[in-house]
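Build the full structure now, drawing on both the sequences and the hints.
There are 4 protein chains.
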Amino acid sequence: MRGKFRIREEYVYKMPVHFGGEPFVPVRTVYGDMTTICLKFETDQEALLKIIPEDFELLQPMVNVQFANCREVDWMSGGEYRLIQLSSPVRYVGNSEGLEGEYPLVIWENKACPIIGGREEDGMPKVFADIAVERHSGDHWFTCASYECNTFLNLDLERKEELGTEDVARLNESSRINFFGWRYIPNLGKGGTSLSHATLYPQEAIARQVWIGEGCIKWYPLTLEQNLVQFRIISTLADLPVIRYLPAKMMKGSSRLNVGDSRLLP
Amino acid sequence: MRGKFRIREEYVYKMPVHFGGEPFVPVRTVYGDMTTICLKFETDQEALLKIIPEDFELLQPMVNVQFANCREVDWMSGGEYRLIQLSSPVRYVGNSEGLEGEYPLVIWENKACPIIGGREEDGMPKVFADIAVERHSGDHWFTCASYECNTFLNLDLERKEELGTEDVARLNESSRINFFGWRYIPNLGKGGTSLSHATLYPQEAIARQVWIGEGCIKWYPLTLEQNLVQFRIISTLADLPVIRYLPAKMMKGSSRLNVGDSRLLP
Amino acid sequence: MRGKFRIREEYVYKMPVHFGGEPFVPVRTVYGDMTTICLKFETDQEALLKIIPEDFELLQPMVNVQFANCREVDWMSGGEYRLIQLSSPVRYVGNSEGLEGEYPLVIWENKACPIIGGREEDGMPKVFADIAVERHSGDHWFTCASYECNTFLNLDLERKEELGTEDVARLNESSRINFFGWRYIPNLGKGGTSLSHATLYPQEAIARQVWIGEGCIKWYPLTLEQNLVQFRIISTLADLPVIRYLPAKMMKGSSRLNVGDSRLLP
Amino acid sequence: MRGKFRIREEYVYKMPVHFGGEPFVPVRTVYGDMTTICLKFETDQEALLKIIPEDFELLQPMVNVQFANCREVDWMSGGEYRLIQLSSPVRYVGNSEGLEGEYPLVIWENKACPIIGGREEDGMPKVFADIAVERHSGDHWFTCASYECNTFLNLDLERKEELGTEDVARLNESSRINFFGWRYIPNLGKGGTSLSHATLYPQEAIARQVWIGEGCIKWYPLTLEQNLVQFRIISTLADLPVIRYLPAKMMKGSSRLNVGDSRLLP
Chain A
776 MRGKFRIREE YVYKMPVHFG GEPFVPVRTV YGDMTTICLK FETDQEALLK IIPEDFELLQ
836 PMVNVQFANC REVDWMSGGE YRLIQLSSPV RYVGNSEGLE GEYPLVIWEN KACPIIGGRE
896 EDGMPKVFAD IAVERHSGDH WFTCASYECN TFLNLDLERK EELGTEDVAR LNESSRINFF
956 GWRYIPNLGK GGTSLSHATL YPQEAIARQV WIGEGCIKWY PLTLEQNLVQ FRIISTLADL
1016 PVIRYLPAKM MKGSSRLNVG DSRLLP
Chain B
776 MRGKFRIREE YVYKMPVHFG GEPFVPVRTV YGDMTTICLK FETDQEALLK IIPEDFELLQ
836 PMVNVQFANC REVDWMSGGE YRLIQLSSPV RYVGNSEGLE GEYPLVIWEN KACPIIGGRE
896 EDGMPKVFAD IAVERHSGDH WFTCASYECN TFLNLDLERK EELGTEDVAR LNESSRINFF
956 GWRYIPNLGK GGTSLSHATL YPQEAIARQV WIGEGCIKWY PLTLEQNLVQ FRIISTLADL
1016 PVIRYLPAKM MKGSSRLNVG DSRLLP
Chain C
776 MRGKFRIREE YVYKMPVHFG GEPFVPVRTV YGDMTTICLK FETDQEALLK IIPEDFELLQ
836 PMVNVQFANC REVDWMSGGE YRLIQLSSPV RYVGNSEGLE GEYPLVIWEN KACPIIGGRE
896 EDGMPKVFAD IAVERHSGDH WFTCASYECN TFLNLDLERK EELGTEDVAR LNESSRINFF
956 GWRYIPNLGK GGTSLSHATL YPQEAIARQV WIGEGCIKWY PLTLEQNLVQ FRIISTLADL
1016 PVIRYLPAKM MKGSSRLNVG DSRLLP
Chain D
776 MRGKFRIREE YVYKMPVHFG GEPFVPVRTV YGDMTTICLK FETDQEALLK IIPEDFELLQ
836 PMVNVQFANC REVDWMSGGE YRLIQLSSPV RYVGNSEGLE GEYPLVIWEN KACPIIGGRE
896 EDGMPKVFAD IAVERHSGDH WFTCASYECN TFLNLDLERK EELGTEDVAR LNESSRINFF
956 GWRYIPNLGK GGTSLSHATL YPQEAIARQV WIGEGCIKWY PLTLEQNLVQ FRIISTLADL
1016 PVIRYLPAKM MKGSSRLNVG DSRLLP
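Residue numbers (my numbering), protein chains in the order written: chain A, 776 to 1041; chain B, 776 to 1041; chain C, 776 to 1041; chain D, 776 to 1041.
Hints are not guaranteed to be accurate.
[Stated by the list, open to error] Derived pair list, reagent style EDC-like, types lysine to aspartate or glutamate, alpha-carbon separation capped at 20 Å:
1) 789/B / 948/A
2) 815/C / 933/C
3) 1027/C / 875/C
4) 886/C / 905/B
5) 886/D / 941/D
6) 1027/B / 933/C
7) 825/B / 797/A
Derived from the structure by calculation, the hints contain no laboratory data.
In structure tokens form, the structure reads like this:
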């Protein structure tokens, strides 16, 4: 009466494992229709360094805020979800490769499935929030995130002129971005870690249309009891001072997540 | 400009780690208001053994189906979520302790937060679904689960007589249940595992009111494209034959998740 | 080839009518499990009078704010929804009956079905919002309402002592409340009304448990573009000054909507 | 202390009326980004005539099934909602105009706001359902509708070749469609009607891209208790026999709802 399921060493699984795994193949999943709003602000370097692991060097005391309405998501049969991500430009100094990219401080997503995969497979700091569709009145675009009906973050963009074909092409020359993560799985029943390491998760974003603009964010810090599980995340980020905003942009295009190129950073 | 966040060895973290962790304390979290519907059926032993890891012995070829409407959830400030769990009675034979309990084959939950914690901390096989509130017409109770508006599982219960105080008290004598999990984290960018082991997650359920009844389940297997990420889970479970149903019950009470007593099973 | 559906004069229908109606029966629908939080504040009489139709006399310059988590709703097969209602005490002076009761200024509800029926059948001023389950940290209870992820109203209650059996019984002696509405259906393709009249909608609320407490509300007025259809409602109500709060209460019990006793007020 | 709000005769209001109305202007609201899937089947004429009011003549025993993902909705500040509509081609014979168009049998929509307006202002037979985003695997497109997690309708489309520019232009020559409704408001507290009449609601749909294809629908009739308020709608429509399917199509384009041209049909 012994169970007959056994994990095959060379296969890849997701929990629950016992329904079977698959041989490893380097997955590249396409997001065919992306609408993104990208804001950027300079913040206090000391405050920011406190939430960057010491294996990374901060390249600039900047925070990139990205809202994305992800549609035509391949692995969802063309379904959709939305996210808001805050990240900073870093260099990984845990080894000698000198890799540069973005370190996401948090990624809110409005569906559980991409959260689970992103956390367990790539160490992406994904957590749940309800995230509104981008809406607009004329060229004023806006969206926001809430938790159990409590808004904690508003994004606003005044969209200005659209970039010409050449400018978009130039932008697409640097379409590849290294995202870094920190994958962490705790011990059970005592302190300490079961798994804790930096990760690399390369992505590509191809723009079809780009507008420049001016944007800003507004935090509504929640009380501890309103959001026990994200209180520290929201209050720490809301406390990052905005020294100045840099030019914002809105983009329509597509993305490719090179999940198969993800790797542990030793 | 080096990041200043460092993981403290004896602390416990959740992703994203860089907002800080906490000293380990054995958490016991209370679910103050639980409404559960429990069905049970005998199935084909061979079919069931295929989805039980070989470190477990199947005690009976039975599947317990539990719907729970969890309210007054402590760690949600009294918030609520719902779940549907299928599990089988097993003995862990990976060591000499001879622990007996339930091995969950899958747990659908309708909120991302409990899914994340249950998977990463306890190896619980939690995945997302929309799950309806239990409703009823007289003593016929029903609920169901769907994914992107596609129903895949219906539960029905004909509720019969309520148990007397003594019967409820007797039931509560065996309120403690060992749940087992299999925590698995894959390698990155290649096959194989980063973490793979059995877990023990003790829980307690105290009934205030219990009714017996007769119940059944009905699967609506989805097509692969309707649910790429759960197709194998749903179709495998839907294929488990129902040889006979055993008596069902409905309960109102409370639960205690002894997260702090969770441990790795070597 | 002429259609064969004909409205029977003595029947009652809902849109779409062509699936058939029913003989009139005086419906009394039960809400078996109600949790309500009731706040009350004195406001500026002049400001309040502006949003009370002239067929009503304002009895006191008071606003009752009621959150209700409605469960075991008969006509939903025991399903649930939530609402937040603001109302003021009035006397109907459009005829000589001298009826007294509550005039709801607005009722936000988180499901479309009760909104449709309440508007078309009883002239209740129901509109949609997402409304959070009541949550709490100790005796501090809170909930809120949002529209497309934008919070516009928070409710807070410090719950104090529970009333004794006699006090609850006394409260239940005046369980019957006259709610008034204003049913209005516009002309099509030009100004003016197709239907416009006051309504009476009697309800009963039976308390099982009552706690007194202190409460307050907080508005987050939305911009016009954030909520084009409710902007005027929210901004007008948010502008009502709070002169003082009166004692609040929380109740658990049941309700009976005497839909069959509803009537036009000539 | 008398209320000071008075309805101005020439204004237009929505419930709640007391927040004020507006002078009538002929509203034309634009839906800037529409994705629609249109199926069509021949059914039994007698069965269909039973659910067509006798003021209409059925032109063909056909049912048009339309799914629409409505985006860039003007009156939602560019927000979105989805609908599934079943309609039949009719001539209005209640007067001598001889107007031809489509009579919607039902329109499920996944947001309360458009439901309320469509019913009260135009007599459109709108009711609530959760409606999935259109998804696809290659050229197989699918979507569905559910109520409290119970799927009741699936739509499938095999998309074939795209139409050329000229064919699309020809299609757009007949972009204007007369939709008919039946606006009905019941009496209160007794049988009979307060308002009951046919309506005309002209709309325009401009296609940018059109594909032809083959489609089908599948009903999952719910039990009475699963959906008390829509049981008769769903079971009646599910009983309409499908004699044969006609060519289907998918379209991307925009729509204009000429609300201001709506009128009562005497």
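- [ ] Against the structure, test the hints numbered earlier, and report the numbers of the ones violated in rising order.
- [x] Failing hints, ascending: 1, 3, 5, 6.
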